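Student: Based on the provided sequences and hints, a complete structural model is requested.
Each chain, letter by letter, is given below.
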Amino acid sequence: MSYLPKPKLHHPKLPTNAIGLTRRDYEGAISTLCAGCGHDSISAAIIQACFNLSLPPHRIAKLSGIGCSSKTPTYFLGAAHGFNSVHGRMPSVLTGAYLANRELIYLGVSGDGDSASIGFGQFAHSIRRGVNMTYIVENNGVYGLTKGQFSATSDLGSVAKKGAVNTDQPIDLAAIAVQLGATFVARSFSGDKEQLVPLIEAALLHEGAAFLDVISPCVAFNNHPGSTKSYDYVREHNDALNRLDVMLPRQEITASYAPGEVTEVTQHDGSVLRLRKLHADHDPTDRASAMHQIMERKAAGEILTGLIYVDPNPTALHEHLGTIPAPLNALGDAELCPGVEALDRINASLR
Amino acid sequence: MPQPITATNDFVVKFANVNGSGSASANGLFAKSIMRMGVPIASRNIFPSNIQGLPTWFEVRVSEAGHMGRRGGVDMMVAMNPQTWDRDVAEIEPGGYLFYDSTRPMPKSRFRDDITVIGVPLTEITNAAYSDPRQRQLFKNIVYLGALSALLDMEVEAVQQSIAAQFKGKEKLIPANFAALEMGRDWAQQNLACPIGLRLKRADAVGDRIFVDGNQAAALGAVYGGATVCAWYPITPSTSLAEAFEKHCGRLRKDPETGAKRYAIVQAEDELASIGMVVGAAWNGARAFTATSGPGVSLMQEFLGLAYFAEIPAVLFDVQRAGPSTGMPTRTQQSDVLSAAYASHGDTKHVLLFPEDPNECFAFGADAFDLADRLQTPIFVMLDLDIGMNDWLCAPFAWDPDRRMDRGKVLTAADLEMVAGFGRYRDVDGDGIPYRTWPGTHPEKGAFFTRGTSRDREARYTEDGGPYVDNMQRLLKKLRTARSLVPRPIATPAKEKARDGVIFYGSTSAAMREALAALDAQGIHLDAMRIRAFPFHDDVAEFIAAHDRVFVVEQNRDAQLRTLLINEEEIDPARLVPVLHYDGTPITARFIRAAIADRASTANVLPFRKATP
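Same order as they appear, the protein sequences are chains A and B. FYI, this note's numbering numbers position 1 of the first sequence as 1, with every residue one higher than the one before it. FYI, this note's numbering numbers position 479 of the second sequence as 479, with every residue one higher than the one before it.
Since the hints were derived computationally from the structure, they do not count as laboratory data. Being a predicted model, the structure only gives us computed values, none of them experimental. Beta carbons: idealized from backbone N, C-alpha and C, even for Gly. Incorrect hints may appear among the rest.
To be verified - No more than 25 Å apart at the CA atoms, straight line, and that leaves these computed lysine-lysine pairs for PhoX-like:
no. : chain 1 : residue 1 : chain 2 : residue 2
1   : A       : 161       : A       : 298
2   : B       : 445       : A       : 8
3   : A       : 298       : A       : 277
4   : B       : 349       : B       : 409
5   : A       : 6         : A       : 193
6   : A       : 6         : B       : 445
Said to hold, decoys possible - Among the chain B residues that face chain A by a calculated CB cut under 7 Å, a handful are:
no. : residue
7   : 211
8   : 269
9   : 284
10  : 285
Tutor: Structure (structure tokens):
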């Protein structure tokens, strides 16, 4: 049997969140990925972020494409509906789902093969349409389920497990997301939970197209010397732009910082993103500066992580289309069917 | 020279024009004016894949008897395009008429001596009356309309009313058009023997019928059927369906107070994204559709397999055109039957509906959404370019005021509290159709994972063979259920006992009815069955079993519906005789009659050989 349910029992003293749920209530089935896979850390970070934000699990829809990363929605948020669609096409399915009901939270999980190769077009168009979603790419630079081929995010000169050297230019999905008009762009590392969890929280609260590129080493096929997406390489070259704290609207802000040390961005829902600057003088609400930071760090051989760009007042596809505030899937005959009299008028106009 | 053709309310006029010259408007006025006289017409645009400069034709069949199919042959050619002159002149029936612009003299060799040639110096008339080149061009069309109205004895009031209706809201353009109309009419009356042998006479044969194209009708059906999400990618000949949905929704589907839209339309980046959005929206409880044509259906194959296997209700309007590949993108065919019925990889079968005219495009356009929700599977509405892009005179749209959407087996939060347990793919009712839930319904109950990978009845991932086979068998059972839900075939018995039958579908219907009447008059009696859906109703196999031979009339090369009949109903191929028309033009009654009469007369099992002239 390839389905492993997780026992429901848990310790009675587990902490609960604002809606009375424990962290365990956000879990899914037991992972079938390799031991040590970065993707499992990302699943854990998603669980932690949803718990921290006290989101009702069933109000989240989790969608994915095909590949190791796309298997992961089974391993978190078991009370949520999930859709494991076709390779590279998660963005269109998610877009359609969002069109049908704008009230749910949409979490799209994809991989580098799924989003940078076969689904590059759908990735791009879902971002530029401003679909209100959190789009996470679990980026390991390799095709895992088919055993070790380079993906389109593999760095130039990166060495495959069997020794082949990549001669193609890599696609930087975060840079492209900035260029395409994503209103939230971040990059993180599956091995840095402290950084990743708040970024996922901020993305989930963001009311527009939020994109997260999470470097997630593949222990089976891309974690060896010569790989630029191994645990060791990413740890050595991780150049964090900032550290993020997410403050919910009702939350009291206690910590104090010296002037210039932090940047605060208030999102549309009232949540405050407090960014502790680590080095560069970067305004995260400046798209051009975001692009510059990515290019500059790349030239220096570093991997830029952190919150790269955020538009505090984003708009999303439903606003662009001018649809009603209610979910379209909740409309009944009275709202949808124009009726016999209208039809009679149409018939008359066609005579 | 043969006798000039004389006919009242029963002839074919064809206009040969240059694309982009403004002729479509004048030609449309010609068609509508005839209907205003109570005389039915069937009109067809024959147009190139081009915006300006290439040849385009408009064919008007005047038929008081109400024949809506293409007849074949041309009684009067309005030859306004020098590029196509020779072939246009050659197409005229012996004894027919040629109407042309006689401003520049033409050598005698460019005419035929078995037709009546009618020259009107259109350029000279318009050059004298107008100085602006654009006006000269546009009014030339109205001038020939005026001349034709005199030649064919049309009621000038009918033409004027059509002009007034066309320029409603732009009333100041009306007097100038009336003047141009009069100019052409006067010239013809003063210089030509009016009327000619082809004449129009007021009748009362139009009734309450409406004149509309199938794409408009299908889009309206989608509005009435409750569609809220449309995702599409432009492709001829389906583009005008999505655009019509937007137009209809703009008038019928806005919140009356706020003007906010009760619909969402996305022009996707390609057909893969279109169907992906439809699948996502339908999974999440909205009624969603796409409009496309053959190449688009090809691109949607992977998603269609997913939608079939994961049981997602989706509606596709496939406006078929001549393929393969780009083929003839502006010409009609019924050539996606097999690619739609078996769309995707693995074992799949899909539900297809075959509307015969815009009235059924509307009806099936709405029904498709009920069927999709009820059956939880993709539904194809199979239009073609002929129905989709041509205006047809058809019965008015009808709607039952008591009708409500059938959302199928969807469990609400309250339902989930009541039921003992929920398993997404359990066959609770024995009809092969499981229950589903929409995302976000209940905090603890009813969530499941949708996937293209195999799973058990509880929607849990498994690669075990047993649950896989169990599921595939249930899907077949569901398709069996579909047979009784889809539109039933319509049988029309011959006047006399018939040993042979004929099966047809879609836009072939009009020509087929006319051909049946002609064959009947010729002593060839056939029972007829119009198929309206796949999977086939049990009536179909019974009909075939009751006849020695059955002709299957289709507009494709490979006899695709015949293949489907042989494959699905296990019919002996020898008993199904293909009658195929696939040159991109709509099938004609003449073609069907000749093809069937030819086969019938050469078959010695049939007794009516001597009756054939």
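Student: Tell me if the straight-line CA distance from residue 349 of chain B to residue 409 of chain B falls inside 25 Å.
Tutor: holds (21 Å)
Student: Assess, step by step, whether the Cα of residue 6 of chain A is no farther than 25 Å from the Cα of residue 193 of chain A, and give holds or violated.
Tutor: holds (23 Å)
Student: Can you confirm whether the C-alpha distance between residue 161 of chain A and residue 298 of chain A stays at or below 25 Å?
Tutor: holds (23 Å)
Student: Just to be careful, I want the Cα atoms of residue 298 of chain A and residue 277 of chain A compared with a cutoff of 25 Å; is the pair within it?
Tutor: Satisfied, since the Cα-Cα distance of roughly 19 Å is no more than 25 Å.
Student: Quick one, is the residue 269 of chain B hint okay against chain A at 7 Å, beta carbons?
Tutor: Nearest chain A Cβ about 4 Å off; hint holds.
Student: If you take the shortest Cβ to Cβ gap from residue 284 of chain B to chain A, is it below 7 Å?
Tutor: holds (4 Å)
Student: Between residue 445 of chain B and residue 8 of chain A, does the CA-CA distance stay at or below 25 Å?
Tutor: holds (14 Å)
Student: Quick check on residue 211 of chain B please, does its C-beta sit within 7 Å of some C-beta on chain A?
Tutor: It holds, given that the least Cβ distance between residue 211 of chain B and chain A is near 6 Å, below 7 Å.
Student: Against the 25 Å threshold, does the CA-CA distance of residue 6 of chain A and residue 445 of chain B hold or violate the hint?
Tutor: Holds, at about 17 Å.
Student: Was the hint right that residue 285 of chain B lines chain A, CB cutoff 7 Å?
Tutor: OK, holds: residue 285 of chain B within 7 Å of chain A, min 3 Å.
Hint compliance for this structure: every hint is met.
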